[in-house]
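Given the sequences, and given the hints that come with them, work out the whole structure.
Just so you know, the protein sequences line up as chains V and P, in that order.
Counting from 1 along the first sequence, just add 113 to a position and that's the residue number in our numbering.
Counting from 1 along the second sequence, just add 40 to a position and that's the residue number in our numbering.
It should be emphasised that the hints constitute simulated quantities derived from the structure, not laboratory data.
Predicted model only: the values in this text are computed from it and were never measured.
Cβ coordinates follow ideal geometry from the N, Cα and C atoms, glycine included.
Treat the hints with care, since some could be wrong.
[What the hints assert, rightly or not] To spell it out: a stretch of chain V is covered by chain P in this simulated footprint if at least three of its residues, at any positions, have a beta carbon under 8 Å from a beta carbon of chain P; those stretches are:
#, segment
1, 162-171
2, 203-212
3, 217-224
[As the list claims (entries may be wrong)] Calculated cross-link-like contacts (lysine to any residue; reagent style SDA-like; alpha-carbon spacing at most 25 Å):
#, chain 1, residue 1, chain 2, residue 2
4, V, K185, P, E262
5, V, K185, V, H128
6, V, K185, P, G87
7, V, K185, V, Q229
[Unchecked claim] Here are a few chain V residues that sit away from chain P, every Cβ distance over 10 Å (derived from the structure):
#, residue
8, G130
9, E175
10, E272
11, R291
12, A292
13, L308
14, E330
15, V336
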Amino acid sequence: MAEAPAIELRGLARHFGERTALRDVSVLVPAGATLAVLGRNGAGKSTLLRILATLLRPHHGEVSVLGESLPKRAFAVRGRLGLLAHEPLLYRDLSGRENLRYHARLYRLDPARVEQLLEAVRMDSRADDPVRLLSRGMVQRLAICRAVLHDPEVLLLDEPRANLDPAATDLVEPLIGRAAGRTRVLTSHDPQAALAEADIALGLRDGRPAFLSPAAEVTPEQVRELYS
Amino acid sequence: MRTAVAVLRKDLLVELRTFETVPAMALFALTTFVIFHFGLGRATLSGQLAAGVLTVSVLFSGMLGINRLFVTEREQGGFDAFLLAPVDRTSLLLAKAAALFTFLVVLELIAVPAFGLLLLGPSLGPALPGLALVLLLADLGIAVIGTLVSAIAVHTRARDLIGPVVGLPLLIPALIAMARGTAAPLAANGAASVPLKWLEVLALYDVVFALLAYAVFDFLLED
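This is how it looks when you write it as structure tokens:
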């Protein structure tokens with residue numbers, strides 16, 4: 114029997130008042146695969162990530178993550194999901210170490226995991242500085258640590274490499290890259306880079322699927338049309 | 041419970057780093073005493089009038105704390121981070137109510153002696169045990185209602201208005217009991233014990249609204 118998909122969307126729709134943010138979105142993402150969600154600003158990419166992260170309820174359709182139906186079984190998947198959002202979700206007046214330790218307490222993790230991650234992204238020397246004093250790239254590194262702190266099976270990445278220089282990009286690769294072996298959903302304003310690391314690509318235009326195909330089969334014309 | 045302790049610890053740490061809430065509350069209370077001093081045209085107060093002034097000052101200072109209770113969560117993504125975690129969401133209610141309760145107690149540790157010095161006619165010393173009992177019970181009610189109202193308000197555009205508009209009517213029973221309960225210990229002819237009736241009203245109020253908050257808080261956090 115084939116393994117159940119890690120993420121399954123059928124006819125997903127979400128509205129904000131009169132505005133339709135997502136409509137008729139259906140996708141299957143196998144375990145360990147990467148889905149790249151492409152589209153212009155306001156196309157519905159972040160809304161899709163927030164629904165998968167259990168932060169928003171779908172208004173129509175079915176959403177299943179790791180075999181659990183959302184939003185009904187949201188509690189069962191929360192500890193198995195990681196979200197790297199547009200905002201870092203860190204307290205500016207606390208240090209990076211304090212922020213990560215706080216999250217470690219929420220997830221009931223050993224504080225040693227915090228130290229391990231700080232070292233992995235080379236933030237251990239600045240870990241006691243308040244987050245508000247750090248550069249955007251450093252904050253992004255901490256945000257990545259927060260997202261993978263509990264070693265989630267599914268990683269939802271909204272512009273994961275924003276503000277990172279090439280050296281920092283290399284540092285976070287083992288945590289959020291394909292090699293980590295997680296099921297990933299990622300959005301990016303750089304479609305070529307996103308397609309290069311994805312297995313499946315979903316193009317969204319005004320909340321509706323413009324295309325859904327293996328990432329390798331997406332043509333430059335499709336991408337150009339999506340962003341035109 | 042461990043989650044609530046983690047959130048409370050974080051909240052107290054943020055307050056210790058920023059000093060954004062408690063100093064503002066204390067300054068507001070002290071300013072209120074000065075305004076009452078000149079507004080009432082009396083050098084000293086006692087009994088019902090003193091109780092009213094103290095109640096109003098604690099209440100309005102408390103509103104500042106209520107309005108700021110979820111500001112950090114809203115502005116810095118703390119809500120999303122908490123909602124992503126596999127934790128009982130009611131622990132946020134417990135933690136926030138405990139944080140607000142702590143802020144109110146610290147406020148009163150500053151405001152009550154100042155009130156005794158600036159406005160109160162009778163000596164504060166004999167009144168303290170009764171006063172402390174009433175204030176602690178009132179703080180509990182204000183903390184629970186404040187957390188509930190603040191959680192509602194934080195998702196709205198008119199969040200600065202929702203706190204007072206929704207919170208004040210809900211707090212009226214507690215405030216009446218607080219004002220009546222503190223009148224006896226602050227009486228001019230020496231401290232009398234707090235009437236049991238008002239302690240019971242405050243305790244009942246606390247229990248009822250704590251249960252109500254526990255029942256509805258989860259829904260307030262839902263999308």
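Subject >> Non-conforming hints, listed in increasing numerical order >> reply: Of the numbered hints given earlier, those the structure breaks are 6 and 7, listed in rising order.
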